[in-house]
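This note's numbering applies: residue 1145 is where the sequence shown begins, and numbers increase by one.
Treat the hints with care, since some could be wrong.
[As the list claims (entries may be wrong)] Restraint ranges, calculated between C-beta atoms of paired labels, are given here:
1) Thr1479 to Phe1201: 41 to 51 Å
2) Arg1325 to Glu1393: 29 to 39 Å
3) Ala1286 to Pro1202: 23 to 33 Å
4) Leu1305 to Pro1202: 27 to 37 Å
5) Asp1230 to Thr1400: 45 to 55 Å
6) Asp1335 to Gln1177: 55 to 65 Å
7) Ser1334 to Asp1205: 45 to 55 Å
[Unchecked claim] Below, in silico cross-link-like pairs of lysine-lysine (PhoX-like), each with a Cα-Cα straight-line distance of 25 Å or less:
8) Lys1328 to Lys1303
9) Lys1254 to Lys1236
10) Lys1303 to Lys1254
11) Lys1258 to Lys1174
12) Lys1482 to Lys1398
No lab work stands behind these hints, which were simulated from the structure alone.
Beta carbons are placed, not taken as given, at the ideal position from N, Cα and C, and that holds for glycine.
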Amino acid sequence: MASDAALTIWIVAGEESGDQLGAKLMRALKAQQNGARLRFGGVGGHAMAQEGLDSLFPLEDIAVMGFSAVINRLPTILRRIRQSVDAVVAAKPDMLIIIDSPDFTHRVAKAVRKRAPDIPIVDYVSPSVWAWRPGRARTMRAYVDHLLALLPFEPEAHKRLGGPSTTYVGHPLIERLGEIRPAKGERGTSDGEPLRLLVLPGSRRSEVSRLMAPFGEALALLQQASARAFDVTIPAVPHLADEIARRAESWSLKPTIVQDEAAKWAAFRRADAALAASGTVTLELGLSGVPMIVAYRVSKIEEILKYLIKAHSIVLTNLVLGENVIPEFIQWDCTPDKLAEALLPLLSDTPERRRQEEAFRRLDDLMRLGDEQPSERAARTVIETLHRHSGASAARARNL
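Between the sequences and the hints, there should be enough to build the whole structure, so can you do that?
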């Protein structure tokens, strides 16, 4: 280790979700070190700053989404990669932890490994090697000493693909089960009340533009097929709320659009069923116990690339369960009539609804970690990896 007096850990995140993970990890590391001094450096946002990180540069410099946005910001991103690598090498920390955003963080890790091979590197959040470009797993072994996985099937996937040693540390959603799960009596409607539907058209502009029209038409068909009234809520990310509201103006079922997180989780706790875009939200719905159908549409180029995808489903809940329990409607199957037909049986006590509810109980068993929280297990694994590396380094020194 760099110093007997203090442990120095550098953490590099590339976007807001990584900043949140990094902050929880920093908090857990401080708790598990029992008062021992910790020094943090790296790249993060507001959450990591609250835990004591003085970021090398604003996270907004690199947290961009979309091809055109990346191209426009490319000179800045490349400069920030070089700056991050130079800073890590100069600091000689006891460990470097990279968090998600592989297009940025893995470039940093590769360059650090080349210039300072003695610095142990931990990757927090696995790239989707089990679905796309599986050869990345074997490549990662050259610059990642240990991987912290959010999904329970990922350690076996990396072992099968020749990737780095991997520990399942749990998904951060597990730490929020109290917020997303209903209290007794909070979910369920009587015959005279409207059924509560969640509609989740995605967190990217391209997803919203492709899904809002078929989602709205599906709801109209659902209303025609059911004798019940509906209360529709759309949790929207703030930067897309106006566009979602504009596109929903033509819907026959007028939704309530909520933006803050507390209102989103309240809607989850009350929902009877959901119509959702593919993404992390399917795991949120599964852990909340909301029966769902999932839909997705992509560009023509992305449709061609789908033949390179190796996974049996695009729905995270299905991937964790190991079977396709949640119906999915992709591309040309994403039609209003198919969506309405699949959503209708989830609104009452049917075999389709019961099958999902039983699967959610299994999902809970697969995702849980006992009494340990994900950030706590992640911190414990980081410390264990650091100790193993320190022991191996000492043994090599004795043999010189």
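Practice item. Starting from the hint list further up, note which numbers the structure goes against and sort them upward. Key: Of the numbered hints given earlier, those the structure breaks are 8, 11, listed in rising order.
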